[in-house]
Amino acid sequence: MDLIGDAGAARKTLVTMWTIRRFEEAVDDLFARGLMHGTMHLSIGQEAVPVGTCLALSEGDYITSTHRGHGHCIAKGARLDEMMAELLAKETGYCRGRGGSMHIADVATGNLGANGIVAGGVPIAAGAGLAVKMRGGPEVVVSFFGDGAVNEGAWHEGVNLAAIWDLPVVFVCENNHYGMSMSVSRAFRVKQLSERAAAYGIPGVTVDGNDPQAVHDVVADAVTRARAGEGPTLIEATTYRWKGHSKSDKNLYRTREEIEQWRERDPIARFEQRVADTLGEREIQACRDEARERVRAAIRAANAAPDASADSLTEAVYAR
Amino acid sequence: MTAVAEQTRTLTYAEAVREALAQAMTADDRVFLLGEDVGTYGGAFGVTGDLVHRFGEERIRDTPISELGIVGAAVGAALAGMRPVVEIQFSDFTAQAMDQIVNQAAKIHFMLGGAATVPMVLRAPTGSGTGAAAQHSQSLEAWFAHVPGLKVVMPATPADAKSLLLAAIDDPNPVIVLEHKLLYKQSGPVPEEATPARLGEAAVRRTGTDLTIVATGVMVPRSLEAAETLSGQGIDASVIDPRTLKPLDAKPIVDDVIRTGRALLVQEAPRTAGFMAEIAAVIGESPAFGHLRAPITRLCGLDVPIPYAPQLERAAVPQVDSIVREATDLVRRW
Ligand SMILES: Cc1ncc(C[n+]2csc(CCOP(=O)(O)OP(=O)(O)O)c2C)c(N)n1
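Top line first, the protein sequences correspond to chains G and A. For the first sequence, the numbering used here gives the first residue as 398, with consecutive numbering after it. For the second sequence, the numbering used here gives the first residue as 1032, with consecutive numbering after it.
No lab work stands behind these hints, which were simulated from the structure alone. Every value quoted in this text rests on a predicted model; they were computed, and no experiment measured them. Even for Gly, the Cβ is constructed at its ideal location relative to N, Cα and C.
Covered stretches of chain G, as calculated for chain A (at least 3 residues, CB under 8 Å):
{"no.": "1", "segment": "430 to 439"}
{"no.": "2", "segment": "492 to 498"}
{"no.": "3", "segment": "502 to 516"}
{"no.": "4", "segment": "535 to 549"}
Bound conformation, chain G alone (with noise of 0.2 Å):
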C-alpha cells in the first residue's frame, strides 16, 4: 500500500495518527485536571508503528497489545466513544469501567486486549495464531510489545512456540529505548533487538519506527509469509515516546536534549511533509481538525453516559 502517494491511503494514515495524539493529549489533560483516575502510559511520539503495522492487516486479524495501548486500539479501529467512556469509569465503556486504560480491548476489531503485564500477550498471541492454524483460517495475529518485554521469559516462549509451530503471528517490537527508566543499551547485549530472531529461526528486522510507509511495508511482508504458513517474523521498529514512562516518573533518567532530538523527529510531522504533494495544505488541515473533533464528540459521548455501576460488580467474573 502507497501511504504517501496514494491519497485514500495517506489521509487515513494521518487521521489515524492525529486521533491517536489528540486523544491522548486528552487523556493527559483530563488526568492532570483529577477528571480520570488510575494511571495512564501515553504513547506520544510512537503513533507511526500501530497505524504502519494495522495498514498492513485485514478485517479479522487479530492483535494483542499492552499497558501502553490506546493507539493500538485506535489503529485497529475501536470506536473512540467507547474508549473514552472506559477511562471516565462510564458504563458504557469496553470493559463496562472494570478495565481502564491498561485493559482496553475491542474484541469486535480483533483486539484480544491490552496488558497490564509486561509481554503477558506475548504467548497469548502464539495461542491465538495456534487457533487460527488449527481452524485453516487466512487471519494473521500482530503482537505488539515494548523493548523492555523482550527480557521476560514469557517472551522468549512465546516467540519460541510460534516458531516451532509455524504460526501465522507478526512480532512487533515498539523499540522506544527504554523500558520505564533501563535503557536498551543497559538491558541487552544484542547491538539490535531484532537479532534475537535468529535464536529462534526466524526472520528478524529493524525498522524506522517514526515511517508509518517502513512500518507497514515490513509489516505488509510478514503478513504475507504468515498468511503463506511459513511462520512467524520479528519486526523491532525504532521510536520514542516523549512523555514519561507513567505519571510517575520524573524523567530522571534521561536528558532534555535527547527527547528535544526525537520531537524533531516527530513521526506525525515528518508524514505531513511527505504527504504535502499528495493532499495538499488543506486537507492535510482537515485532518487534523477531523482527528480533534472526533475525540473532542467522545468526550462529550463519554460525559454524557451513566457511571459504571457498582451493583452489578460480581457480573463477569464466571462466564455464564
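Following the hints, complete the assembly by docking chain A with the ligand onto the known chain G.
Positioned in the frame of chain G, the structure of chain A with the ligand alone reads:
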C-alpha cells in the same frame, strides 16, 4: 519517655522502608538491592529514592524486566553468602517469579537437610485503591502464607515498616514483605535506631470489651478508624494486627476473643480461602471457642478481580463504613 521522644521522628512509611534499607546496607556489606527501576528512577513508588547516590549502582542494582530471573538471582546470591533484598514493582508480578519463590527459595533449606540457607527478602507493594485495575491491585498474601519455608510480613505503620523489614533482612529465611501502596504516604513516629522487630509478634493496637477486630495491611488503620466511630456509638472494640502472617502469633488474638466473645476478621483480599479463614480456624480450634457469643465473622474483599472505576474499586474491598456496619451488627445481634 523523653529519651524515646528524642529518638523518634515522623517519617512516611516509604521513608521508613528506605531508612531500614540504608541502615541494613551500612551495617552489613552483604546486603544489596535489586529490582526494576530501583536506581536512578528511585523505585516505581519512590521507595528507594536516592539510595543509588548513597550506595552506588553495584549495590542498588537496576535490573531488566525479568522477575523470574531477578528472584532466581537473589536465591543464588543468598545461597552464596549475600543478603539480597528484591523489589518487585507490584506484588502481582510475583506470579512471574513463582517458581523461584515457591519451588526454589522456600524449599532449598529443607531439601538440603538444613545444609544451606536462603536469607533473601522480597518486598512488593500490594493491594488496591489506586485505580491500577486487576493486574496491579491484588492482595496475594494467602498464596505465600500457604507455602512452608516462606515467612510473610504485612507492616501497617511506618514504625513497623522499618522494624519488620530490618527483621526480615536479619532472618536466615526467605521473607516476603507486602507493603500496602496506600500506606506509603502515611506518616508516623519511627525510631532512629536500627532495632529489628521480632517476626511472629502481633500488635494489639487497641483494647476493647465488646469485640475483637483482627485486620491486616491497610485494613488496620481502617479498623482503627472504625473503632473510633464505634466507640462513639457505645461499642468498644479491640484491634489486633498480626503483622507477620507467618509465623503467626495467635495468642493475643485468642486471649482477646476469650475476653470479648466476638471476632470480626477484616482483610482486603477476596474472601474464599483467604488468610482470615485461617485466623477463623485458629480461633475455632482454640479455647476461645467456648467463649464465643457470636459466630466468627469475616469481612473481606468480594470474590472479584479489582476493577478500574473508582466507585467499583471502593465497592470491591472493605471500607471504614462497612467495618463499622459489620461490627455494629455483630454486637447488636449477639
Ligand atoms: C511483569 C511485569 N513487570 C513489571 C511491570 C511494570 N512495568 C510496566 S511497563 C514497564 C516498562 C515496559 O517497558 P517496555 O516493554 O519497553 O514498554 P514501554 O513501556 O516502553 O512501552 C514496567 C517495568 C509490569 N507491568 N509487568
